[in-house]
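Visitor: Can you build the whole structure from these sequences, using the hints too?
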Amino acid sequence: MARVVVDVMLKPEILDPQGQAVQRALPRLGFEGISDVRQGKRFELEVDGPVDEAALARIHDLAESFLANTVIEDFTVRVESEEAVAEAVK
Amino acid sequence: MTARIGVVTFPGSLDDRDTQRAIRVAGAEPVALWHKDKSLKQVDAVVLCGGFSYGDYLRAGAIARFSPVMDTVIEQAKAGLPVLGICNGFQILTEAHLLPGGMLGNDHLHFICRDQKLRVENADTAWTTDYTAGQEIHIPLKNMDGRYVADRYTLDELEAEGRVAFRYLDFNPNGSLNDIAGITNEAGNVVGLMPHPEHAVESLIGTGRTDGLPFFTSILKKLVNA
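Read top to bottom, the protein sequences are chains A and B.
According to this note's numbering, the first sequence holds residues 5 to 94 in order.
According to this note's numbering, the second sequence holds residues 149 to 374 in order.
If you are wondering where the hints come from, they were derived from the structure by calculation, not from laboratory data.
Do not rely on the hints blindly, as some may be mistaken.
[As the list claims (entries may be wrong)] Cβ-Cβ distance ranges computed for the label pairs, FRET-style:
#1 A:Lys45 to B:Lys226: 22 to 32 Å
#2 A:Ala58 to B:Ile353: 54 to 64 Å
#3 A:Asp40 to B:Gly175: 45 to 55 Å
#4 A:Leu33 to B:Asn326: 34 to 44 Å
[Said to hold, decoys possible] Straight-line Cα separation of at most 30 Å, DSBU-like style, residue types lysine-lysine; simulated pairs:
#5 B:Lys184 to B:Lys265
#6 B:Lys265 to B:Lys186
#7 A:Lys15 to B:Lys290
#8 B:Lys369 to B:Lys290
#9 B:Lys184 to A:Lys45
#10 B:Lys290 to A:Lys45
#11 B:Lys226 to B:Lys370
#12 B:Lys226 to A:Lys15
#13 B:Lys370 to B:Lys189
#14 B:Lys290 to B:Lys265
#15 B:Lys265 to B:Lys369
Heads up, the beta-carbon is just placed ideally off N, CA and C, and yes, glycines get one too.
Guide: As structure tokens, this is what we get:
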């Protein structure tokens, strides 16, 4: 089983009030020195079969058309190594 | 003969009955449409109503946009079918790229429900001819994700082409860029806005005003005179 991770973030020029609310709470919690927080979404896709170029291309299309709205969001697609997946489920 | 106006019900739609009622009050015939049906039952126009289709999961309107009925709505809207998106319907229209830009959470992070003052900026669309440009109206607004955003180029284009159809007056309730409350496509057949005209069609209830009724009388006149 292979895992593909899609990260979706608001485009940098778009205001992220949720991230700002998190950032403003930090000093109260004793965390200093963090000047900005932006909040996004992470999708973990468990893929049946090999994650070859064709599979990645399909996932890229899926991310572009559905998981992200590219009018307001950017996304990245990456394959998580099997070792990292094994480590995570331990 | 009157016009038949479809109202789509998605899982999580809230205002489908109110919208049907507003259509009836205006003198047209409402036709219930179902998200799983590809058929639009040969209606003359379609309203995508308010609510929280699919729980607003992923993004508001993002999942509804891929429902079977939307395949047909998108195809026919591009061919000129009049489509009005109210609140969640507006969000669905931006997700479907029938209208430019996108909708995000209110900048103050709270749900908002109030009588909102608007200015009608464009009285030439299929849904606004019974208003006059510059007219000020009061219509209920109720949403979580009402912040209209678009890149600078798109905003400039909307402004230059007079495609900002409605603008918030006195108070921007959600952080929408340029105080935009509603927009139209280039052809003027597809209009989306966050406030709810269907809740302002009878003097007995709601705001006590009927400032939302002209949406439905505008489209009726257009269809009957066509």
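Visitor: If a hint holds in the structure, say so; if it does not, say that too.
Guide: Results of checking the hints against the structure:
Taking the beta carbon of each, A:Lys45 and B:Lys226 are about 30 Å apart, inside 22 to 32 Å as hinted. With their beta carbons about 57 Å apart, A:Ala58 and B:Ile353 fall inside the hinted range of 54 to 64 Å. A beta carbon spacing of about 54 Å between A:Asp40 and B:Gly175 agrees with the range 45 to 55 Å that was offered as a hint. Between A:Leu33 and B:Asn326 the Cβ separation comes to about 36 Å, which falls inside the hinted range of 34 to 44 Å.
A hinted pair counts as satisfied when its Cα atoms are at most 30 Å apart, and B:Lys184 with B:Lys265 does not qualify at roughly 36 Å. For the hint pairing B:Lys265 with B:Lys186, the CA-to-CA distance comes to about 37 Å; that exceeds 30 Å, so the pair is violated. Restraint check for A:Lys15 and B:Lys290: the C-alpha separation of about 26 Å stays at or below 30 Å, so the hint holds. Distance check on the hinted pair: B:Lys369 and B:Lys290 sit about 28 Å apart at the alpha-carbon level, within 30 Å; holds.
Note on B:Lys184 and A:Lys45: the hinted pairing holds, with a Cα-Cα distance of about 28 Å set against a maximum of 30 Å. Annotation: proposed proximity of B:Lys290 to A:Lys45 holds, straight-line Cα distance about 25 Å (limit 30 Å). For a cut-off of 30 Å, the pair hint linking B:Lys226 to B:Lys370 stands: about 18 Å separates their Cα positions. Under the criterion of a C-alpha separation no larger than 30 Å, the hint pairing B:Lys226 with A:Lys15 is consistent with the structure, at around 28 Å.
In summary, the hint linking B:Lys370 to B:Lys189 is supported, as the alpha carbons are separated by about 19 Å, within the 30 Å threshold. About 13 Å separates the Cα atoms of B:Lys290 and B:Lys265, which keeps this hinted pair within 30 Å; it holds. Of the supplied pair hints, the one linking B:Lys265 and B:Lys369 holds, its CA atoms being roughly 25 Å apart against a limit of 30 Å.
This entry does not satisfy hints 5, 6, going by the numbered hints stated previously.
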